[in-house]
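Chains as they are written, first to last, in our numbering: chain Z, 1470 to 1651; chain B, 44 to 151.
Some hints here could point you the wrong way.
Said to hold, decoys possible - Only some residues are given here: those of chain B computed to face chain Z with a beta carbon under 10 angstroms:
(1) 59
(2) 62
(3) 70
(4) 71
(5) 83
(6) 91
(7) 94
(8) 102
Stated by the list, open to error - Some but not every residue of chain Z turned toward chain B, in silico, with C-beta under 8 angstroms:
(9) 1470
(10) 1471
(11) 1522
(12) 1526
(13) 1540
(14) 1541
(15) 1544
(16) 1598
Calculated directly from the structure, the hints in this document are not laboratory data. Heads up, the beta-carbon is just placed ideally off N, CA and C, and yes, glycines get one too.
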Amino acid sequence: MKEISLNILDIAENSVKAGATLTQILLEEKDSILTLSIVDDGCGMTPEILRGVVDPFYTTRTTRKVGMGLPLLKLACEQTGGEMTVTSVSDTVDPVHHGTSVTAVFHTDHIDFTPLGDVVSSIVTLIQGHPDTDFLFRHTKGESVVEMDTRELRQVLEDVPLNSYDVIKWIESYLREQYGDF
Amino acid sequence: MTVEKLLEHGFEAVTLPDPEREIDGVYIGDLLSWVMGRARSDNAWITIMSNMNVIAVATLADTSCVILAEGVTLPDDIRETAEAKGVNVLTTQLPAYEAAMVLSGLLK
Chain Z
1470 MKEISLNILD IAENSVKAGA TLTQILLEEK DSILTLSIVD DGCGMTPEIL RGVVDPFYTT
1530 RTTRKVGMGL PLLKLACEQT GGEMTVTSVS DTVDPVHHGT SVTAVFHTDH IDFTPLGDVV
1590 SSIVTLIQGH PDTDFLFRHT KGESVVEMDT RELRQVLEDV PLNSYDVIKW IESYLREQYG
1650 DF
Chain B
44 MTVEKLLEHG FEAVTLPDPE REIDGVYIGD LLSWVMGRAR SDNAWITIMS NMNVIAVATL
104 ADTSCVILAE GVTLPDDIRE TAEAKGVNVL TTQLPAYEAA MVLSGLLK
């Protein structure tokens, strides 16, 4: 991917497909290290499936032979000298505390670091496409924080769907406003 | 022109499970997600990348072969996967541009 924000979209879609009720998308910048974590409470994976997940010839889709989301994220962070880890608890093992956590560490001062890109668009696209699941987005850099939690929005909005035009526009400008001071 | 014809023009085989495959056009690129969406079926794909994802992208994009430029080679395990998945891989000492020039002459 030319930008990490596109990787985020790809991986978070996996969380939604896994039936997550909450998907957390966390970005943390410290010195020249950027850590991306995508944590969901979806159905999780068994150890057998988890082992194959960075193999590009493995996939949960049936329409093609290979699934490239995690292999490409792994490549993108390893190219900067970083690493990716995936942990998962299957709902067949623990029916209460299940889900998947993907963590990718990037060295932002490496010449092969691809820029973060338009992460606001990625978040807005996710909410628009999946208005009935919740997303927590948080980007921290030192003291600066950009944050949005759809569970809080839902309380205020009551019955208004998250993907109604005005709400989506508001979410986008709310995030961009926070990045203005970031 | 078939992929195996390239062996007569200074390209070396890394693995050629499908030597009779016809080449139609050339694509050059190293950013795999970009190649995935843009390389066309039957293209010869020139790259300097040599990880497992390259073999997967070649499968997805249905390229006729992967040509590793600038003397890049494949680790054994990746070569074996390429063979098992029917992905032709060749290597050349030439940089991508010059390799493409050779292909351009041959594909006329």
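Hint by hint, where does the structure go against what was stated? Just the numbers, ascending. 1, 2, 3, 4, 5, 6, 11, 16
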